[in-house]
Each structure stands twice: as C-alpha cells, then as structure tokens.
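K.L.:
Sequence:
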Amino acid sequence: MQKNRLTAAMILAGAVPFTAFAEQQLEPVVVTPGRTAQTMDESLAAVSVITREDIERIQPPTLTELLRLQPGIDVVRSGSFGTNTSVFLRGTNSNHTLVLIDGVRASSATTGQFAWESVDPAQIERIEIVRGPRAALYGSEAIGGVIQIFTREPQGITARAEYGSFNTRRVDVGYGGGDTIRYHINGSWVDTDGFPPQRSDTEDRGYTNRSVNGGITAPLWGEATASLTGWVSQGDLEFSNGEQETENRAINFRFEDQLMTNWFHSLQISYALDELTTAGAQRNKITTHRRSIDWQNNFALTDRQMIISGVNYYKDHGRNRNLAAGVLDFDESASNYGIFASYLGNFDFATFEVSARHDDHEEFGGETTGSTAIGIPIAPNTQLRLSYGTAFKAPTLNNLYHPGFGGFWGGNLDLEPSAPVALKPASNTVTSTNVSQYLSSIPKWTISSNTPAKTVRLLM
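Letter by letter, the sequence shown follows residues -22 to -1, 1 to 438 in mature numbering (1 follows the signal peptide of the UniProt record, and there is no 0).
Hints were generated in silico from the structure; no laboratory data involved.
For each residue, glycine too, the CB sits at the ideal point set by N, CA and C.
Check before you lean on any hint, since a few could be wrong.
To be verified - Quick list of simulated restraints, FRET-style, between CB atoms:
id	residue 1	residue 2	range
1	G343	S143	50 to 58 angstroms
2	T360	L306	56 to 64 angstroms
3	A257	L237	46 to 54 angstroms
From just these sequences and the hints, can you work out the full model?
P.N.:
Written as structure tokens, this is what we have:
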C-alpha cells in the first residue's frame, strides 16, 4: 500500500473530478464513505459502486431495478412506472437511508422518503452505496447507510432512443466538453401507456417523466475551482382514482481550494425540492424545501494520517395544502446545526477510522453520534474489519407538525430521535469480495395522539 495515498487522495479530490481520478487507479475510488477520495480497499466501510458501464450493460428500466441487484438492498414498488417505491438497506426502514444527489440531501422533509421513481437511469453516471451507520459524518437519516447518486456527465454528443412493451418510449440526449472550463448537459424523456392497476379498472394508466441535469466547473485562482450542478425531474402519473404530478430538484454550488499542500477545504451551498400534487377525491399539494450549507476541511497530518472536520447547517421547510378544501394544513420549518471530525490512519499493520459528530436540532435538541473502525491485514490482499457506530433519525416535519386525521396520528413536538447502534465485523479482499455480518439495535419512538391518555409506540 503506497505511503502517500492519503495526502494524494486529499489533493486530487479538490483538483480534479473524482471520475477522472478513478480512471487513473487500479482500484475504484469512492468519496461517500469517508467524505474524501479513497480507494475501495482503503475504505473501512462496506461499499459498492455502480458505474455508467454497469448501467449500459444491465439496461435497467428504473433506478430501483438497478438497486435491487445489490446485496443488502430490498425494493418494494406499489405498481408500474412512476408509482411509490421504497428501498430498504440492511433491514432498516425505508426512511433510514440518507440519499444524496451530487452531494445534496434529496429526501422529502415531510415524509422522510426519497422519490426513487423520479430518477431516470439515463441521468445517472455513478452510484455509491455505503452500508452501515454513517451519522458520525452525515448526521440524521444515515442509519442503514448512504446512497449517493452522481448525475451523468456526457463527453461529446450522446443520443439514444428506445421502444418497448406497453408502448414505452425513451429518448435521451447529452453533450459535454470543455478544457479549462468544463460543462455538460443531459436530458431524458420517458413515456409509457402502462396497464390497468386494478382488476376492476379496464383502462391503461400511464406515466411520463422529463428530466434534465447539467453542470459547469471553472478554475478561479491557483488550485481554486467553482462548480454549479443541477438536476430537475418532473413526472405525471395516472391511477384509477385520479392522477398526480411530481417535481424534484437538486441544485449545488461548490467552491474548492488547496490552501496548502496539506490543507484542502470546500464550501457547498445546496437546495432540494420535493413536490407532490394529487388530483381526485383528495386533492393536495405537498411541497418541501431543503437548504443547506457545508464547510469541510481536510488536513494531512503525515503521508499516512488525515483529519477531516466540518460544520453543516440545513433548514427544512414543508407546506401541505388541501386543494379540495382550499385550506393550508400546515406550513412549518425546522433547522439543524452540525459539527463533525474524523481521523483516518493508514499504517502497514492496520488502518483506523474514528469519527464523531454533534447535531443541534431546533425542536428536539442535541444528539451526539460516533463511529470507529479498524482494518487488520490477515493475509495477502485480505483484510479483517471491525466497526461500531451510532446513528439517529430526526423526526420529520410530518412527525412534528402534521394536524393528523380526526384527532389521531398528529404531529408531536415532544418527539425524540430514534438512535440505533450497529456492530459489524467483516473481511474484505482487493478483488472486492466482501463477507460481512452486522448487528443493529434500533429503539422505538414514542408518538402520542392529541389525547394525552393515548400513546402509540412504533418500531422505527
């Protein structure tokens, strides 16, 4: 193992896109497990990568058809294209996985769920899947793990058209280029007639999705660069009792600079939108906004040791409007501050990772999480890993503020976060063969109805 990997990874993470860095390495490079560039054999997390080449080979009709092929992931879909989909990572709940799109928190601030059906595989360049709690680096939601989707960056001109069953049509086009200033844009369109979702329904119920992503990266001075990326997805779904419209966005501005040979820092300002409009007997419009700021610093202590630290702020805003009655059910927001630090040590006899984070939520107060991992070489190209981590799930805006239904299942400002722990021994080789065993303990949330005498306990 090269002695200068940690320093080189930190410098290259800020100097070039990690996709270009990965092409120069024998081992794939990941950035999600440790919030810095690492080869997969350096990372102590259980991580897998889906590349654009994998997507072209598999040709999945949906993102979840791609994810269900990965170990430790279960997928439940309520119907055909565009219907509600849930993803379960390592047996945890569907809202216990942190989902990032180009580094942006993309799950709904009201339901806590991510709209998996909104992501067209034609929009994906790469997916990194990290299994196990990562709250010590990312905060709330990272209980079962983290799934980060990197949007597609075409080189030159790309175009494709498809036709399939249920009168399904697909078109995607893209263009990317530039030398000093790099840029790309990619658009896709999917339309299907679908099929009757119920036996009593004799009409086909279709789905249409329109998506576009783009980005630009420009040098500023010295090693400093600035980039702007954006992804927008709009969907129209028909069902037996009406239809629904969805819109999702993830926009990210990022500034990076190599201040010194051993000090790299980045500033990220991001925004995510999740909007659902339903038509039928119950007409509602649910809109959530997530705005966040992240500042991260990577310090190389030696050629084998690094400290990563950062601060994070995000604010969730949710609005639920009853269109049928013309009333606003709720319009609320909640904010969170977080600070974290992580130590990475890469030695001949062992590899270490120790991380800690403290979050201060506007409503439920503070929560401290931590994780530690060690990797010990036990044979050529084989490493034994042992890790322990704690994590938590902050109550969503629905959990806190929703008015409920008939006086029941309303929000409760006295909720406390769900805080599991996980212990995971594993062995790994550089050929990416991974055998792991894990144990997770997830306590219960207490959710009270509007009547103090009635308390319902839900296993989260």
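K.L.:
Which hints, by number, does the structure contradict?
P.N.:
Hint check: nothing fails, all pass.
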